[in-house]
Amino acid sequence: MTHSLHRRGSTEDLREEIVFIFAPAKGITERGSGPKAKKFLEIMKARGAAHYGDDLTGNVLTLGHSRLVAAAHDITNIHAVFADVEKATEAFQDIVEEDMGVSVVVTGLFDVVHQCCQRTGTGFHTIEHSMGIWGRTEQLPSEQVLEIVTMCGHGLVSVNLVDQVARDVRVGRTTAQEATYEMARQCMCGIFNPVRAEKVLRRLAGE
Amino acid sequence: MKVDPDQCMGCGLCIPYCPVNSIADEGSVVSIDQEMCVECGVCKRSGVCPVDALVEPELAWPRVLRSLFSNPITVHPGTGVAGRGTEELKTNDVTDRFVLGEVGFGVELGRPNMGTSFRDLEKVSMKLAPLGVRFEPKNPVTFLMKDPKTGELQDDVRDERVLTAIIEFTVPESRTLNVLRVLEEVSDEISTVFSLDLINRMPEKGDPPVLAALKDRGYYLAPNGKVCVGIGRRGGEPR
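Those sequence lines, one after another, are chains V and U. Take the first sequence: its position 14, counting from 1, is numbered 14 in the working numbering, and each next residue is one higher. Remember, the working numbering sits 1000 above the position in the second sequence when you count from 1.
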C-alpha cells in the first residue's frame, strides 16, 4: 500500500533517495508481467540499487539476486531503493525505454522526481502526499529513530532494535555496517535504505 | 506467536525485534503478551532464536486478522494483495480509481510503529462516514464494516490489534477541509497515532488546486511523496 510514503529525514538526506515500485494491476496488467518483473530486477541490479526485493519473497540482502529473479512471477511487485539520484535516473531511463506497460511509482522529494521525469519524457499522473503523523504523537520515539524505522513502511524494523543496535555500536559490540544489515534484513520488501540508515545510525550512536 | 517453554532458554535475543514490544523476559524463559502481539512474524523470521522456540500457531477468526494486516507475506483473500493495503495510486494510470475533482485519503492507524486496535480504528471510521466519504471497497478494512454507510465494524473484530490498518476513501475535493476537521477532532479520542495520506490526480496544467488551499491553512504537506508516473497501459502491451 503506502509503505514508501512516510519516509522521514532532512531534505538534504532525502535528496539522495529514490524508491521505485513496479506494480502490476490485478486483472489488468498482471498477466504476463512475470518476465517484466525479472527484467525490472535486472535493471535494479545493473544500475546499483542500494536494496530491493519483493514482499512475498524477501529482499536481496538475505536471499540474493538470483533467487529473487527466479521467484518473480505474474503478481510480483518489485520494490527498490537507490541512494544516488544519478544512478536512480539511469535506472528510470532504462525502465521507460523497456516500455513494459506496467505501472511504476517513483517516491522521493517531489522536485527530484520531477527532474527524473523530465529527463525521461514522463510526468506526474497521480501524486500522494504525506500529511504527517496525527494523534498520540507524544508517544513516538526520537526523530532520528523515526528516520530509520519509517524506511520500512510495513513497520517491521522495531524501535527497540534501533535502540539496541545504536547502543551496541556505541560500545563497540558491533559495527555500524553490521548493525545496519541487521535492521535492513527485517524489511521484507527491500525498500529500507541501508546507505542512509547507516548514516543516521552513526549519528544516533554518536560516531 | 507463542513461545515453546520447553525449548526456550530465556536468552532474550528475540525481545528487541518485536515491533510492538510484546515479548517480556520472565527469567528462565520469555513470554509473549497475546493481547499485544500482532502476529507480524518478525521475531521468528529474524532467526535470532538459537533453539527455534518461537511457534506460529494456526490462527482462527478473528485473531487471523492480526496476521492479515501485520504480516506482509500474508495475502488477504478479499483483496488478493499482500498485507493491509490495496493498489491505491500505484496503478491509477490503468485503474482510474482516483479522478479529477476528487481526493483520496488514507488514514493509517498505528503507523509508525505503535500498532492499533480496531476499536480505535472504528472511532475514526464512524466519524468519517457521516461526511459521505466513499470507503474503498477493495480495502481490507472496508471488508470488516457492517455497513460502509456508518463505518461501524463487526462486533467480533474490535479487540483485535494490528501493526497498521488503513481507512481508505475518496471524497469530492470540496469536502477536503471537512474531512481534516473531523480527523483533528478524533485524533484526541484515540490511543494511538495515524499517518495521513492525500492522493490527487494531476490536472493537465499546474498542481491540484486543493494543495494551495491546504498550504494556506497551515496543513503540513511533506516535500517527499509518491508519484504514479503514468507509464502503465491497460493490457500491458507495448506501445
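Calculated from the structure, these hints are not laboratory results. Glycine residues also receive a C-beta, built at the ideal position from the N, C-alpha and C atoms. Be careful, since some hints might not be right.
Each pair of labels, with its calculated beta carbon distance range [what the hints assert, rightly or not]:
1) K1205(U) with S66(V): 42 to 50 Å
2) G27(V) with G1101(U): 23 to 31 Å
3) K1002(U) with Q139(V): 46 to 54 Å
4) N1178(U) with R173(V): 20 to 28 Å
5) H73(V) with G1101(U): 44 to 52 Å
6) R170(V) with D1159(U): 34 to 42 Å
7) H65(V) with S1028(U): 40 to 48 Å
8) R67(V) with K1002(U): 24 to 32 Å
9) H65(V) with N1178(U): 29 to 37 Å
10) V1051(U) with S10(V): 13 to 21 Å
11) R170(V) with G1027(U): 36 to 44 Å
Some residues of chain U that are not near chain V, with every Cβ distance over 10 Å (derived) [claimed, not checked]:
12) G1132
13) E1184
14) K1226
Covered stretches of chain U, going by a simulated chain V footprint (3 or more residues, C-beta under 8 Å) [unchecked claim]:
15) 1003–1017
16) 1040–1054
17) 1085–1096
18) 1112–1121
19) 1142–1149
Violated hints - listed by number, lowest first: Per hint list: 3, 4, 5, 9, 10, 11, 13, 14, 19 violated.
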